[in-house]
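J.: Here the structure of chain A is known, so what remains is to put chain B in place on it, guided by the hints.
Here are the chains, one letter per residue:
There are 2 protein chains.
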Amino acid sequence: MALSWLSLIILLISSTSPVCAQKFDFPRLSLHCEKVFQDPERRVQVSVINDFKTFFFNQTLDHFNYRPESYTTFKQRYLINSKYWGGANSSAPIFIYFGGEEPIDDDLKVIGFLTENAAQFKALLIYIEHRYYGKSIPLGKSFEEALKDPNARGYFSSSQALADYAAIIRHVKEKLKAKDCPVIVVGCSYAGMLASWFRLKYPHLAFGALASSAPILYFDGITPEDGYFSVVTKDFKEASETCYQTIRDSWAEIDRVASEPDGLSRLSKIFKTCRALESGDELKSYLIEEYAGAAQYDEPPTYPVEVMCRGIDGANASENGILVKIFAGVVAISGNSSCYIVPPSGTTPSQGQLGWKWQRCSEMIMGVGITNNSMFQPDPFNISNFIDRCNRSYGVMPRPHWITTYYGGHDTEQVLRRFGSNIIFSNGLRDPYSSGGILKNISDTIVAFPTQKGSHCLDILSALQDDPSWLVRQRKKEIEIIKGWITKYYADLLALRQ
Amino acid sequence: MALSWLSLIILLISSTSPVCAQKFDFPRLSLHCEKVFQDPERRVQVSVINDFKTFFFNQTLDHFNYRPESYTTFKQRYLINSKYWGGANSSAPIFIYFGGEEPIDDDLKVIGFLTENAAQFKALLIYIEHRYYGKSIPLGKSFEEALKDPNARGYFSSSQALADYAAIIRHVKEKLKAKDCPVIVVGCSYAGMLASWFRLKYPHLAFGALASSAPILYFDGITPEDGYFSVVTKDFKEASETCYQTIRDSWAEIDRVASEPDGLSRLSKIFKTCRALESGDELKSYLIEEYAGAAQYDEPPTYPVEVMCRGIDGANASENGILVKIFAGVVAISGNSSCYIVPPSGTTPSQGQLGWKWQRCSEMIMGVGITNNSMFQPDPFNISNFIDRCNRSYGVMPRPHWITTYYGGHDTEQVLRRFGSNIIFSNGLRDPYSSGGILKNISDTIVAFPTQKGSHCLDILSALQDDPSWLVRQRKKEIEIIKGWITKYYADLLALRQ
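Protein sequence lines, in the order shown, are assigned to chains A and B.
Using the numbering used here, read the first sequence as starting at 21 and increasing by one per residue.
Using the numbering used here, read the second sequence as starting at 21 and increasing by one per residue.
Isolated chain A (complex conformation) (with noise of 0.2 Å):
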């Protein structure tokens, strides 16, 4: 189990490093869902899962042109679980995941907020899969041949994929007769962005938004470039301030060791990695990595962060001291190993991996950085060299200001105040990508349920017997405000029909 999650750190470093990114990456902004798996109680049960039953939509390629090849359609994969909905005639809720960018059957494993609280809405659930994953990819292509298309990847958009949620949403509504079911969108991480911008787009196709979270200010400048790891630096700074100290001292013993005659040898011994590292910097960014990842998800009932603190503060060492600590809150993390760090030969990427990083690099440009504040060597988002990586690697430039032209982020208190309403911006304070959610409330219907212990999405993944209370209570209260946005609904209804 604990395997899986060394596994795909190795993976995500092997991944991130050489294109669109910093020198060092960070986890990409998803559920995660290999590190989810590492406890199976986390799970959907199977027999939920086979509650659902798999469609296919004739989806239009490109919604916003009309050119030719605009026209052409691609089958999107959506699921549909029947079970608990109260049907058309008594106008019961249509509850609507929307997939990340990953296939939507990782997702259909762990988000059991929807499953679990279906039957006392009688909701009718529908999880629709992203374009460009799973089996949802356009021009007749397989997932590596449409990255590696100049022309076929064009189409990979966010606002393609907001206008193929609603064709569906549509098209469901129409086929079911469902004209007047309340839609309510749900979705996490880089999907619970669009959830909320889904609601705040097309509010004649979901009446509200349960935006899980979403790092909607992570975006031009809006949020410091070092949120991000000043929160990963707070999590272990709580967790153990010798633990903090540690890491923080390391990264300047790995440069020294590193440039010793024979230190990467050592390093790799010391670190028992799979194979010889080949630099300093590989180390370190598999670290940082772990770090990151361990503060995203830093959640009950194991708490990441304290396990690996544990493991660095409880080392017994002496020679080659910090290096044997730091070691340890690795194994701590992982388990046990045969080797560590470097992924076996011949691991290919995720599609989410992979996806993702055409995504940041067009359009999703998340100035993620490392300033001095923080128990990492500085590392600062530097747009200009962000830039050429993304030109070199994929021969186009990425738009930095188009979400915030499109979406909006600057000033939303002032924009949201008197615009919109019925969207719930949970966030875990533990969650690095906190820094760049909403966490105050903007309105009385434009909400924020910030967590101080909470991590990354983990309202919506399946209730556990032994969940701490205030996550019992947050998920409860976020199930009561939707009930609320459903009530008026059905009395503007009733009063619109008279």
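Calculated directly from the structure, the hints in this document are not laboratory data.
Mixed in with the good hints there might be a few duds.
The list makes no distinction among identical chains, and a pair is therefore deemed to hold if it is satisfied within one copy or across any two copies.
[To be verified] Cross-link-like lysine-lysine pairs, in silico, DSBU-like; alpha carbons within 35 Å at most:
1. Lys161 with Lys73
2. Lys195 with Lys460
3. Lys197 with Lys460
4. Lys142 with Lys503
5. Lys73 with Lys95
6. Lys254 with Lys199
7. Lys254 with Lys496
All values derive from a computational prediction rather than experimental measurement.
T.: Just chain B now, kept in the frame of chain A:
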């Protein structure tokens, strides 16, 4: 002067019959500037026009995709009048006029609302030309070349146009360091729809919208197909019952004469056509346009519907009674001319006519038909025929559901009751397009201004000395509402800064 209107109507007939249209067409959705020009008082003073400075923005061809061609840029024209502006330091407002389906020059001459009210707001004025019109044509092509090229015209869409406006607003606000200056967007007819949609889609870039004569509900079957011609009929019936009856009877009479040997020659003679009529339909098509145009622009001080009816009712007709009366109506509205109805040879359709034809065939599918309840012969809207004709003309399929998928329209009252704010929908009820407009207040801040005697876009045209008092009041009320929005905006700004 009067001749120019006649020429236009003739132009319209010649250009609307073959493509993407009913058997008979109706005035394109536009400001119909040539008509407005008939009253020279209607023009904005040349000195005021000279206050505008012309700029060109490097606009992105395709905002929504990341294909290599998407990054192509073109020069988009916009004009700024800073004579009245209070400046960025005092956060003085910015009024933005959205160009519609014609070169922006045309609008500049007749839209008085912004220039006449800028001083009291200390507002900056910006007029932006719509892509593909005037001097804002992409891909280095002429208007005609762009319209003929299936790839080039494929980027000619409303969503791209809105994104263009967004990019320019952002650019100008940055250039002028005018971040905190509230933006109010204004448009009429098609551009009125754009203005209201812009407020809904880009609330972070426009704090309010004045949408004059915007038939946003004339899509996807929301408004009954006969809405438009029912209003035309009502206008004539209210002006004169006998006039209405004469028009109603005239169609069978035209058919009867046209079917006789030498009948077309007789009709050509009675109507003094500039060349021999080729069919009775040619004549009927002209007349339908004429009545529709008179109703759409039934504005003070002339009130064209009454002018036509006075001509029809007052004709001294014995032989060919009905037809002579009808011709008298044509002469009354068109003035004396050597010939009427068919266009002089060599006349080419305007950009507005050609561009709108493409827009109607691709996405702006407004189902306008004629049913029994009118003074016209039935000519129902047949979506299959419409699609076939567009497909034959342009080789692409219209997307009749896209406008309501992207912008909404169904159940607007239910949708906007708890979403959005700061939109004025003004409609003159004599304007047949008002049948597809928002005529009832939706919320405290999404309000309707239906005026019993108003015509198409009347409120935002230059004020005239002898404007009726209801019109003066209407404009004043609209200004007061916009002032109210801006007052709240400043209050919020202050509160959020504290």
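J.: With reference to the structure, classify each hint as holding or not holding.
T.: Hint check results:
{"no.": "1", "hint": "Lys161 with Lys73", "verdict": "within (24 Å within a copy, 50 Å between copies)"}
{"no.": "2", "hint": "Lys195 with Lys460", "verdict": "between (39 Å within a copy, 31 Å between copies)"}
{"no.": "3", "hint": "Lys197 with Lys460", "verdict": "between (38 Å within a copy, 27 Å between copies)"}
{"no.": "4", "hint": "Lys142 with Lys503", "verdict": "within (12 Å within a copy, 46 Å between copies)"}
{"no.": "5", "hint": "Lys73 with Lys95", "verdict": "within (15 Å within a copy, 49 Å between copies)"}
{"no.": "6", "hint": "Lys254 with Lys199", "verdict": "between (48 Å within a copy, 33 Å between copies)"}
{"no.": "7", "hint": "Lys254 with Lys496", "verdict": "within (28 Å within a copy, 57 Å between copies)"}
Every hint from the earlier list agrees with this structure, and none is contradicted.
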